[in-house]
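K.L.:
Go ahead and model the full structure; you've got the sequences and the hints to work with.
Number of protein chains: 2
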Amino acid sequence: MPQGKVEVVPDDGLTTRQRRRQPVLAVHTGPGKGKSTAAFGMALRAWSAGWPIVVFQFVKSPKWKVGEETALRALGEVPGGAPVTWHKMGEGWSWIQRPGTERDHAVEAAQGWAQIKKDLAAEAYRFYVLDEFTYPIKWGWVDVDDVVATLRDRPGSQHVVITGRDAHPALLEAADLVTEMTKVKHPMDAGRKGQQGIEW
Amino acid sequence: MPQGKVEVVPDDGLTTRQRRRQPVLAVHTGPGKGKSTAAFGMALRAWSAGWPIVVFQFVKSPKWKVGEETALRALGEVPGGAPVTWHKMGEGWSWIQRPGTERDHAVEAAQGWAQIKKDLAAEAYRFYVLDEFTYPIKWGWVDVDDVVATLRDRPGSQHVVITGRDAHPALLEAADLVTEMTKVKHPMDAGRKGQQGIEW
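Same order as they appear, the protein sequences are chains Y and E. In terms of my numbering, the first sequence opens at residue 56 and continues consecutively. In terms of my numbering, the second sequence opens at residue 56 and continues consecutively.
Hints were generated in silico from the structure; no laboratory data involved. Treat each hint with caution, since some may be false.
Facing chain Y, from chain E, some residues (calculated, C-beta under 7 angstroms) [unchecked claim]:
id: 1; residue: Thr92
id: 2; residue: Phe95
id: 3; residue: Gly96
id: 4; residue: Arg100
id: 5; residue: Glu123
id: 6; residue: His142
id: 7; residue: Met144
Only a predicted model underlies this, so the values are computations on that prediction, with no experimental measurement involved. Just so you know, even glycine gets a beta-carbon here, dropped at the ideal spot from N, CA and C.
P.N.:
This is the structure in structure tokens:
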């Protein structure tokens, strides 16, 4: 996308430069493909800007998105490049020393969100991907009012991208950028299964 | 996205494994953000699968997508990783020795497409991003019937992702995967301009 022309200059007392440096909250939602993929694509830009990146993956299957993980981790190891941190709920969050033997996904999701709050407060990263984070909100595992207030009040210039279907209306309201991905046609409709390099 | 369950098993005489290895033609269209970004995100998966990647960028501004380019080129130089090739129309295609002093975008677009045809015939890559390729088709610079026939008959297992608004109906018809990105809300609506790391 090109740099667009601004249609309305808001009466907010900010210069264009100040406005330009405002942190962005983006939400990728809708039933189509590309929500997470576009978020990881944005991470490419963030990496190239030299911003420390973190991914919190609120999903369980180890197979999903392993390709993006491999590639972004490889970028994170390029000498002189920005670091990439990748947390996965499904394996037990990496900072939890003794994950319970009985998986309690609601507790894990809440632990993930608690860590995100800590990282935002500490300005630990510049670019956050909260992948599939709409679901723990939808299921009530994480309080949407807490999410919205935390993101609204986050310090510094920390950009956050949240992906997943059925984004909560309060989250959409709080977002600066919302894109809905609509499925028009999918190979599974024609009886194909996913394949490496395309689906993961 | 998870590996989904197939709802209909097609009566095409192929095994699931054969069907799984069929090359994919994906189109990302619609007025929203994320079309190119999701294509570059898919390139992360392709890279991690070890597939040689090529990007043909049918745009003119040198500023667009420079972040993705930097990051994907960095991946292309990771020792042992898959190579990444990046061609930009706006700078004059790299294989054209003496670009004309008078820029003729229609000719440049046709030259780009001619090179894509050569590369497809030679199976030069496994993953192609034809970025903003819907426009030269829309403007009649590249013949859509030639595009559809070439892609339909491409040899081997070469995956192709085409991005851009207003995708031609024949292209949508030929595609295996079509996702439409719809703009729901954009920071420019609030008078913000693009910023590094987010917009490019």
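K.L.:
Compare the structure with each hint and give your call.
P.N.:
Tested hints:
With its C-beta approaching chain Y no nearer than about 4 angstroms, Thr92(E) sits inside the 7 angstroms limit, and its interface hint holds. Evaluation of the Phe95(E) hint against chain Y yields a held restraint, the C-beta minimum of about 4 angstroms falling below 7 angstroms. The criterion of a C-beta within 7 angstroms of any C-beta in chain Y is met by Gly96(E), whose closest approach is roughly 4 angstroms, and the hint holds. Of the supplied interface hints, the one on Arg100(E) holds, with its beta-carbon coming within about 3 angstroms of a beta-carbon of chain Y, less than 7 angstroms.
With a least beta-carbon distance of about 5 angstroms to chain Y, the hint placing Glu123(E) at the interface is held under the 7 angstroms criterion. Because the closest C-beta pair between His142(E) and chain Y is about 18 angstroms apart, greater than 7 angstroms, the hint is violated. A hinted interface residue such as Met144(E) counts as satisfied when its beta carbon comes closer than 7 angstroms to some beta carbon of chain Y; here the least separation is about 15 angstroms, so the hint is violated.
Of the hints listed earlier, those the structure fails to meet are numbers 6 and 7, in rising order.
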